[in-house]
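A.B. asks: Protein sequence lines, in the order shown, are assigned to chains A and B. One point on numbering: in the working numbering, the residue at position 277 of the first sequence is 280, and numbering is uninterrupted. One point on numbering: in the working numbering, the residue at position 39 of the second sequence is 42, and numbering is uninterrupted.
Any given hint might turn out to be false.
[Unchecked claim] Derived lysine-lysine pairs resembling DSBU-like cross-links, with alpha carbons at most 35 Å apart:
hint, chain 1, residue 1, chain 2, residue 2
1, B, K171, A, K460
2, A, K322, B, K93
3, B, K171, B, K187
4, B, K116, A, K554
5, B, K148, A, K554
6, A, K301, B, K116
7, A, K186, A, K460
Think of the hints as simulated: they come from the structure by calculation, not from any bench.
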Amino acid sequence: MKQLMSGNEGIARGAYEAGVTVAAAYPGTPSTEVVSNLADYAGVYSEWSPNEKVALEVAMGASFGGARSLAAMKHVGVNVAADPLFTFAYTGVNGGCVVVSADDPGMHSSQNEQDNRGYGIFAKLPVVEPSDSQEAKDFTRLAFDISERFDCPVMLRVTTRLCHSQSLVELGDVPERPLMEYKKNSQKYVMLPVNARPRHVAVEKRMAELREYAEQTPLNRIEWGDRRLGIITTGIVYQYLKEVMSEVSILKLGLTNPLPEQMIRDFSAQVERLVVLEELEPVIETQIKAWGIAVEGKDLFSNIGEYSPELIEARLLDKTLPAAPVLQRDIPPRPPLLCPGCPHRGVFNTLRTMRVAVIGDIGCYTLGALPPLDAMDTMVDMGASIGNALGIQKARGEEFARRSVAVIGDSTFIHSGITGLIDIVYNQGQTTVIILDNDTTAMTGHQEHPATGRTIKGETTRRLDLEALCRAIGIQHIQVVDPLQLDLLKQTIKTELERPEPSVIIARRPCALLVKEPVRVRYYVDEEICNGCRLCIRLGCTGIHWKEEDKVAQFNPDNCISCGLCPQVCKFDAIKTVEE
Amino acid sequence: MTQATRNILIVGVGGQGTLMTSRILARVAVNMGYDVKATEVHGMAQRGGSVISEVRYGEKIYSPVIKKGDVDVLLAFEKLEAARWIPYLKPGGKVIINDVRVDPLPVMTGKAKYPDDIAQHIAELVPDTTIVDATDMAAECGSAKAANVVLVGMLAGALGIPGDEVEKAVAEMVPAKALETNIKAYRRGVELCK
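With these hints in hand, go ahead and build the complete structure from the sequences.
C.D. replies: Encoded structure:
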């Protein structure tokens with residue numbers, strides 16, 4: 004019986020069938036469910052690693068040790084793991100290893116839309132791209148064979164639509180797979196220049212062999228149809244194409260690095276017009292053009308955002324959509340926002356009222372950048388807040404340092420904020436760093452991390468002590484505050500900003516979705532007192548809204564969890580407790 | 004078995020249970036022997052933003068994403084979200100609107116106005132529109148918590164899915180003591196959209 008599985012579930016199942024026994028990841032949309040699913044399979048050691056670099060190093064070590072292993076990460080996570088990845092291509096593997104890169108065309112949940120197929124060319128790795136959940140499973144399984152046959156890690160490149168779409172999967176068997184023998188082989192695994200030089204030769208030889216393999220692999224196939232139009236495509240876009248133009252000739256690539264040059268030449272010779280359909284960068288198209296073959300691609304389609312069935316129809320068939328009913332009403336947007344009771348809200352509201360520059364980071368709390376909180380100046384990558392804050396303060400001087408903070412989540416701090424904090428102490432910065440400690444990795448769906456004291460399987464482990472860590476780094480001033488106690492929070496931030504030394508404020512309270520405290524009190528707005536100043540509205544909480552008719556605030560009892568923030572920001576004591 | 008492809012778009016606000024509903028529908032379609040694909044938006048959108056999930060079933064499905072203008076049934080857990088996705092509806096398509104208003108942030112802060120008559124306005128533009136207060140109806144059946152099951156029932160009614168298939172799926176997903184109420188709520192939903 005076939006099962007409905009997401010692409011990520013398919014990858015996990017494929018890895019399980021391939022005999023993976025070690026899997027590691029740092030959570031990141033859209034890749035998170037690959038390893039969270041693998042953790043549910045018996046006999047697979049799975050872990051949330053502190054970051055993607057460590058995850059890949061764990062998978063690499065497992066491979067050296069003779070196991071089949073997998074590391075999964077979102078596209079930008081590969082940047083973090085790029086250092087080990089490039090040299091892993093030199094050492095090659097012992098047990099097969101697959102690195103999942105989950106790209107995010109359209110930036111549903113990311114800070115950029117880089118096309119990680121570029122890494123395949125750059126790091127000289129085979130890149131495999133499935134187009135549905137069945138292929139996600141089958142190609143993952145095959146990727147392990149490729150990895151061992153050609154002695155190299157394999158990149159499985161997927162996209163958000165594939166990761167989070169469900170389709171039917173026929174499960175396969177799970178053969179017994181003993182560990183490969185472990186033999187010390189320093190010439191292969193110790194990348195001193197003297198060893199790395201011959202390994203580079205081996206890499207080039209492997210790429211030549213992979214180019215031959217690309218011509219025969221079942222990953223690449225031609226579906227002949229009308230030869231007036233030949234389309235070369237890969238990934239989810241293949242499905243969009245089949246949906247709207249099933250009659251054309253299609254060269255479907257499952258191995259997109261290296262490309263099957265001869266296959267593409269033969270295909271192009273037999274079609275009148277050749278078009279490449281690939282989301283994001285013209286990775287395939289550029290190589291085909293370099294071979295002197297006439298091909299269209301990015302002259303018809305943008306390298307920005309996702310493709311869709313209607314886009315392909317519009318560009319290749321000149322079809323327009325049927326006229327849709329036209330609404331005569333303005334439809335306000337519905338942006339995401341911090342949850343009612345979210346501990347981050349108090350911090351951002353306080354920082355906004357203090358008018359300090361907020362050097363931000365990646366997590367739920369990045370929503371503090373949006374109106375009405377509107378309390379973030381910069382956000383670039385995981386862990387950037389701390390280095391960015393030191394840099395901006397070194398550039399603008401001490402006065403600026405007293406009016407700016409770095410804000411970073413607990414999981415993000417562990418991911419890559421720690422080294423930045425060391426830099427601040429070492430190079431005598433005076434930055435105030437606020438760690439928003441909500442005891443989870445909230446944004447990606449509440450994954451554990453080293454400071455929660457629980458593993459991916461929920462087992463208790465030794466908890467990373469953030470205060471002790473900061474102390475060991477050399478931070479002399481460490482304050483722990485409840486972010487819902489606004490006066491104390493504000494006073495603490497003020498004190499630490501004025502200090503000509505670095506300090507860390509840990510704003511500690513569990514994620515409101517994780518620890519649901521019973522609603523203790525009910526509030527109401529005394530409309531006689533409320534003067535419509537909107538300070539409570541600026542908290543951006545679904546628990547309280549603006550009542551235009553009366554120009555006052557009003558509670559939404561269904562949403563309010565009585566976290567107690569709005570009575571604290573009201574300067575007129577207009578928010579009162581309902582007496583039972 | 005011949006069945007033209009059916010495209011269902013389920014929209015709402017994060018936390019309303021749209022994903023649960025699309026998963027029930029997808030599971031039922033699988034049990035009925037169809038090829039099924041479904042897609043959903045995760046991540047940032049879950050934090051109180053718009054959420055959408057798409058379910059497609061039929062003899063052979065390629066794209067998990069519904070082509071714009073190809074939606075057979077649009078099920079909206081919230082009125083404003085119904086309006087947002089009307090342009091995706093097929094000419095002659097059906098709209099099911101849960102008569103619930105959840106103010107988006109720009110409305111809560113007074114920066115934008117919620118179009119009060121939006122459900123009626125959609126009904127004027129789209130002839131096959133059914134508006135229901137699923138919470139009220141579920142409460143009549145015994146528990147307001149079964150509101151989503153009323154909507155599942157309406158969807159099943161609109162798609163002509165045999166009742167026992169869905170009831171099996173509902174039985175698997177709700178606790179035993181709530182089963183009777185849920186089945187009642189489901190059947191009320193079906194009646195509304197037969």
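A.B. asks: Taking the hints in turn, state whether each one holds.
C.D. replies: Hint by hint, here is what the structure shows:
A hinted pair counts as satisfied when its Cα atoms are at most 35 Å apart, and B/K171 with A/K460 qualifies at roughly 31 Å. Taking the CA atoms of A/K322 and B/K93, the gap is about 15 Å. The hint holds against a cut of 35 Å. The straight-line distance between the Cα atoms of B/K171 and B/K187 is roughly 13 Å, inside the 35 Å bound, and the hint therefore holds. Proposed proximity of B/K116 and A/K554 is supported: the alpha carbons are some 14 Å apart, at most 35 Å.
Distance check on the hinted pair: B/K148 and A/K554 sit about 33 Å apart at the alpha-carbon level, within 35 Å; holds. A C-alpha spacing of about 41 Å is found between A/K301 and B/K116, which places the hinted pair above 35 Å, so the restraint is violated. Of the supplied pair hints, the one linking A/K186 and A/K460 holds, its CA atoms being roughly 32 Å apart against a limit of 35 Å.
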